[in-house]
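Novice: Each chain is listed here by its residues.
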Amino acid sequence: MSKQVKKLHSRAGSVPGSLIHIGTRKAEHVRISVIDYDSENLEEKILPSIDQIYPYLDTESVSWINIDGLHDTDVFAELGEKLDLHPLLLEDVLDTSQRPKIDNYGKHLFIIMKMVTWDEKEKTLEFEQVSFILGDNYIISVQEHIGDIFENVRQRIRNDRSRIRKMGIDYLLYALLDAAVDCYFLLLNNLGDQIENIEDELVLEPGPEILATIHHLKRDILVLRKSVWHLRPVIANLYREDYGTITTEVQTFLRDLHDNTIQVIDTIETYRDMISGMMDIYLSSISNRMNQVMKVLTIFAAIFIPLTFFAGVYGMNFNFMPELDWKWAYPVWWLLIIVITVIMILFFKKKKWL
Amino acid sequence: MSKQVKKLHSRAGSVPGSLIHIGTRKAEHVRISVIDYDSENLEEKILPSIDQIYPYLDTESVSWINIDGLHDTDVFAELGEKLDLHPLLLEDVLDTSQRPKIDNYGKHLFIIMKMVTWDEKEKTLEFEQVSFILGDNYIISVQEHIGDIFENVRQRIRNDRSRIRKMGIDYLLYALLDAAVDCYFLLLNNLGDQIENIEDELVLEPGPEILATIHHLKRDILVLRKSVWHLRPVIANLYREDYGTITTEVQTFLRDLHDNTIQVIDTIETYRDMISGMMDIYLSSISNRMNQVMKVLTIFAAIFIPLTFFAGVYGMNFNFMPELDWKWAYPVWWLLIIVITVIMILFFKKKKWL
Amino acid sequence: MSKQVKKLHSRAGSVPGSLIHIGTRKAEHVRISVIDYDSENLEEKILPSIDQIYPYLDTESVSWINIDGLHDTDVFAELGEKLDLHPLLLEDVLDTSQRPKIDNYGKHLFIIMKMVTWDEKEKTLEFEQVSFILGDNYIISVQEHIGDIFENVRQRIRNDRSRIRKMGIDYLLYALLDAAVDCYFLLLNNLGDQIENIEDELVLEPGPEILATIHHLKRDILVLRKSVWHLRPVIANLYREDYGTITTEVQTFLRDLHDNTIQVIDTIETYRDMISGMMDIYLSSISNRMNQVMKVLTIFAAIFIPLTFFAGVYGMNFNFMPELDWKWAYPVWWLLIIVITVIMILFFKKKKWL
Amino acid sequence: MSKQVKKLHSRAGSVPGSLIHIGTRKAEHVRISVIDYDSENLEEKILPSIDQIYPYLDTESVSWINIDGLHDTDVFAELGEKLDLHPLLLEDVLDTSQRPKIDNYGKHLFIIMKMVTWDEKEKTLEFEQVSFILGDNYIISVQEHIGDIFENVRQRIRNDRSRIRKMGIDYLLYALLDAAVDCYFLLLNNLGDQIENIEDELVLEPGPEILATIHHLKRDILVLRKSVWHLRPVIANLYREDYGTITTEVQTFLRDLHDNTIQVIDTIETYRDMISGMMDIYLSSISNRMNQVMKVLTIFAAIFIPLTFFAGVYGMNFNFMPELDWKWAYPVWWLLIIVITVIMILFFKKKKWL
Amino acid sequence: MSKQVKKLHSRAGSVPGSLIHIGTRKAEHVRISVIDYDSENLEEKILPSIDQIYPYLDTESVSWINIDGLHDTDVFAELGEKLDLHPLLLEDVLDTSQRPKIDNYGKHLFIIMKMVTWDEKEKTLEFEQVSFILGDNYIISVQEHIGDIFENVRQRIRNDRSRIRKMGIDYLLYALLDAAVDCYFLLLNNLGDQIENIEDELVLEPGPEILATIHHLKRDILVLRKSVWHLRPVIANLYREDYGTITTEVQTFLRDLHDNTIQVIDTIETYRDMISGMMDIYLSSISNRMNQVMKVLTIFAAIFIPLTFFAGVYGMNFNFMPELDWKWAYPVWWLLIIVITVIMILFFKKKKWL
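So the protein sequences, as listed, match chains A, B, C, D and E. Here numbering that gives the first Met the number 0 is used: the first residue of the first sequence is 0, the next is one more, and so on. Here numbering that gives the first Met the number 0 is used: the first residue of the second sequence is 0, the next is one more, and so on. Here numbering that gives the first Met the number 0 is used: the first residue of the third sequence is 0, the next is one more, and so on. Here numbering that gives the first Met the number 0 is used: the first residue of the fourth sequence is 0, the next is one more, and so on. Here numbering that gives the first Met the number 0 is used: the first residue of the fifth sequence is 0, the next is one more, and so on.
Note: identical chains are not told apart, hence a pair may lie in one copy or across any two.
The calculated BS3-like cross-link candidates involving lysine-lysine, where the alpha carbons are at most 27 Å apart (straight line), are:
#1 Lys-165 - Lys-106
#2 Lys-81 - Lys-165
#3 Lys-100 - Lys-225
#4 Lys-100 - Lys-217
#5 Lys-122 - Lys-225
#6 Lys-106 - Lys-81
Everything labelled a hint here was simulated from the structure, so no lab data went into it. Note that the structure is predicted; figures quoted are calculated from it, not measured.
Input sequences plus hints: build the corresponding full structure.
Specialist: Here it is as structure tokens:
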């Protein structure tokens, strides 16, 4: 069963707004990195503790703080206190069973989304929750573990002629979201290959194990669909509603991102339909094979059972059976047997069973 | 059949607004308890009769009256008269076949919801109706029997440094609703385990009894889905509409609760899809097994029926059968039999039936 | 096929607004009864002809005229002329193939609904159309035949301390609608019992006749669903729109009635899902039984066909067969047979076919 | 395949607004008839050529011009020029693959709808496109061929005491639409009879040909549904939107017509559900029959294969078989055979296969 | 697998707004052609390089620049710079995995749509992306390769009495869109023929290969449906929203085009339903054939297995078997055999298996 589903109950019974990390501990220690830039300057650092981030937040320049690892709740408790974050916001950051959503807490805009990768070893989808806390001049992004999906964005920031350096905090948010949505494109490609493999296998001799493969793929796509389904309105919301921090120029980029999300959803729907079509084909291939088995049985039975009867006839011990004494009886009997066999074979040929 | 469905008709024919308890009598006697608190003081009591609650209702402090047991309609008749409750409101409190809903009766806000637990003995869902009557400074909560789902809330009230003590009647309502929604998380966990068990069993040799298990699970999820489906708009209503008693601060918490409800619905939908996928697998596993049976039959028949024919041939009593007198006839016959058998086995090997 | 569906065409080709009774003649003669009351006085009468109702209509008191039987179109022609009813309104009253609807003809509010009962003899649903014409101080209710579903309302009117005597024409309308909706609750109970019976039968040995039962039940629920589906918006309309005659107080009651209708719809949907689940179980039980039959066949064939072959071997007449002359050959042969049989039985035990 | 679908491509590649008749030529020559009336006068004529209609259009009285036959595009070219009709309007009149729609071209209101009849010879639905061009005092109706569906309306016009004579052009439009909708009622009745026949046949021994019948019926209802589905909003539009020519009085009639259309849709939906239920029954009846065949086979095989073995045993030629010499061996053998047979029969009786 | 789906990931990881051609290189070199016309003059040219188009853009006359081939990104980079096109607009032009959409970039209206043709060789759908950039007096249309779908429009432009010459840039846009939508009509016709062929084959002896054909057709229609589904709102948007460049007169034409799109969607839906019906027929035809096979087997087995038993009886070697010595025993035995056979045949005739 998907891990997504299984962490649900850990929160049941806890006080609302309490800081509990729900999910598997994925990172060894919490890593805090900061990139602070404007069109001319760039500073990039790994910080040893959370209280060193505050100087960056007040600057005019764009500050991106990235926190990898969720298990050290003290870090978030301090962060929450200093930045005056709502307790529910923090609870959501730490609870990795959240669905994608956007909440406006006045001072902060809070976005949760899911990134997804294919775990080749376990042959299953691997979800990671990413949260963005958008303040006036800073973004705090929180990931479950150290990953490389934002590396591309960092590269672009380091290049001082790139568009990202010339624009504000809202374009950075767009760039991060865009990087996260890119994961889905990569994954879809992977799933597309899997579907193609299964289709190829279905044409050959599909065994019962293909059913399990189809079933798993179906479930993966089910879970994936749910995750993107909630992502779309988050992005739509971001470019349609009037959040002060998003400029019109960036809204155009967000609309484009929105289009990409719809494209992901479309592809997932197509995959879903394809898989359910494959199920039909598999089922009818079972029926077809049953038909084959039945035909073999019927051909053997229908040819040899009558023959056995005719052999039985002349194995009878009646004292008065004139045929037994006739000299040509035995060869004629064989002739009869051959004729019957040929007739049966022609009959089955006509029925197209042979 | 689900008990939910079966109590419908008892109300047919009765005068609208009449106080009839519809449902099974679950509690021995009606128990009335009261908790009255503000940030500094706390009073907790079990009351012997309903008329002792009135002093608490007029105080400035937050008063939570909890009534366990529905069968004593006199209690509710008196309550209704004193607090000037609408007859339809009281009818709904007593009729346990209601769906979750929120009604604004001007003076009172009235909320009905369902809690659900898993009855391990009967292997079925157990629904309990909980009603909340929200007045200016008091909440009257009515349960079908004495339970412990609100115990957690009581603990938090007793702790005089908890957030609940600093806030008003609306936060208490939120805390109670939150406690009730928590039941669903616990239940979903239980159902998730059941689904996992069935999936494991499906991989092994699934017997016909697994069909009944799947069918029951499907029905449980059907009923559960209906109940949460109606719960979501109740909570949405509560935080979106402008009921005087709900402050903005608590609305944020209610929005979070709303998110939790959507998460429950999502999980139920995922379970539903999983179960219908399991049904498909079960059906195709029946077909696969039929295929197996057919193959065994066909192999036996196709090998031994021809052999029997050849035995029959030399059991015939024709006077003139030259083979019978040949000395090596019998061993050669056996050789022939063995060759035929080997050919058949190779044929079935090639068809991958062996 | 449902009778509902079959009366459609009788209206095709007729002039719009013409008074034709479409449906089966269900009553011997038209019966006209009147109840005229206010909080103090009550008059109840059976009227010999339609023109005697007019004095009651102009009084201040609440007047409820009930007409049973539709076939005498003259009665309705006269009624239409005197009360200035729209020709289409009258056409709809007489055409029993209407769906539930509410039409505002300015002077009159016109409501059509369907009552439904279970015809135990014909094992089918029996629909009856009821129309309400709401004037300033009167309601004219028209039924297809004399029934007792409004008897309960009459009882309450006769009791001079009941709420109905203190309220106006709108509450009477509510009471009548409520009585009609009560029919559905009774029916659902009946259908619930039928579903339970079928479920019990499915666990035992289901024969092909159960398929027909499921099919009929499914069709009944289909027709029923359509009828309630149209009823819900009628009632919703009544309490939401601002029709002058409906007071706020009665709107609360109508909202409650609306909730009941939703409960009926919910239950019907649940039944629908249950029945489609039962169909799946039936189909897989056929497959399971086919599996059983196949197993019996395979066990018999796989055990006895090889044995017959071994009997055939020693029935051959070769002159040189050393075994035939060996003294212990026959008992050893039997031993062989028994060993083979035991092996086969163990083989099938291992495959869990036995 | 439905003819509806097949004429699509003829328009591909043509200039928009060009006058091409798309569809089968159904009438020998174009027939133009006119009825011009007010409450006192009535003139009815068949016109030899299109230019004779213009005098009628300018009169105060209601003029109804009916054109049967579409293939003579010159007629429509001239009509278009004289009345200043939009080229797209004329293109739509001639293209019989249009779906029902209403277009407001300012000066003219343009309505396209489909009439449908059952072609008893070809056992298929026959669609005919009817267009209405509504001017100030005239309606031009265009049909594909000469039919009698408007005959009923003509009769009512000829009767000088009928409602239609007292009312304006809008009521005539309603009367024509109503006559066209009546076709659907007649057709539904026909389809209802067909469904009933199939249901009766399904109870008896359904052969494979019934599958084709169900399939065709399903496709007919599919096409029919699409056609009515588009008709409903056309009529809704007509009574809801404020087109100058439609008076309030006629809007009431149109609302009633709208109700009839919904009734048609409802019935079609019911038929659809019934047919898909019939498909299920047919499929499970195949399975049931397969079960029957299997049982017969198994009973024969399971009884006679063991018996044959026991016959084979005493056909063996071992020299030392003590039973052979025993005097009662043969009758005892028969006894054994009978006992085995009885046991088998009892076994199958217990399994309810006999 | 459809190629549509497979090019998705190439964009993952790239900087938003960067010019990368995503898709297969379909044209050898980029061809740029221009048609510049008003009601009196017409100039038509093939341009060697992109910078020669600028003189045409500033003229009062209507200019249509058509670019075939996407791989030379320099062309588009220069175009973008000169016309001040938004980087995202250019990215979308080059990325052929876009869905149909309309974007308003203020200065330019940007429309993407898909044309589709049937690739007879590969037996698959071939999609081509077409983009339109609408400026004040010019349209730039971009195609993936040189095609002839706009040839028809060019012909009409060359004819100086055609409507297109008298109208503005908006009518040209309409004409181009109309030409692109015409592709779908042609394709639908082709698909319709395929469906008809499959239906004919299904009536005859359908083999397993027909399943693959149905499956492919289903997938094609799935992909096609998605493409038109997104096209409809694009056109609806164009005639409903108030884009300055679209005149009321052309809006009427666009509404007509919108109707055509709906007709395409309708037909696709009908095809979808037909195909899923064909799947059902195929599956039940497999079951029917299995039934046939089983019947043949059962008839042979049920007739000859008892006969073989009776032959076996008189092959027994009991010393005392009175029948063996009776003179008429052998002919009487044959009589018995014939009687049994006839009875069995009558039995199967009665069961309608013969």
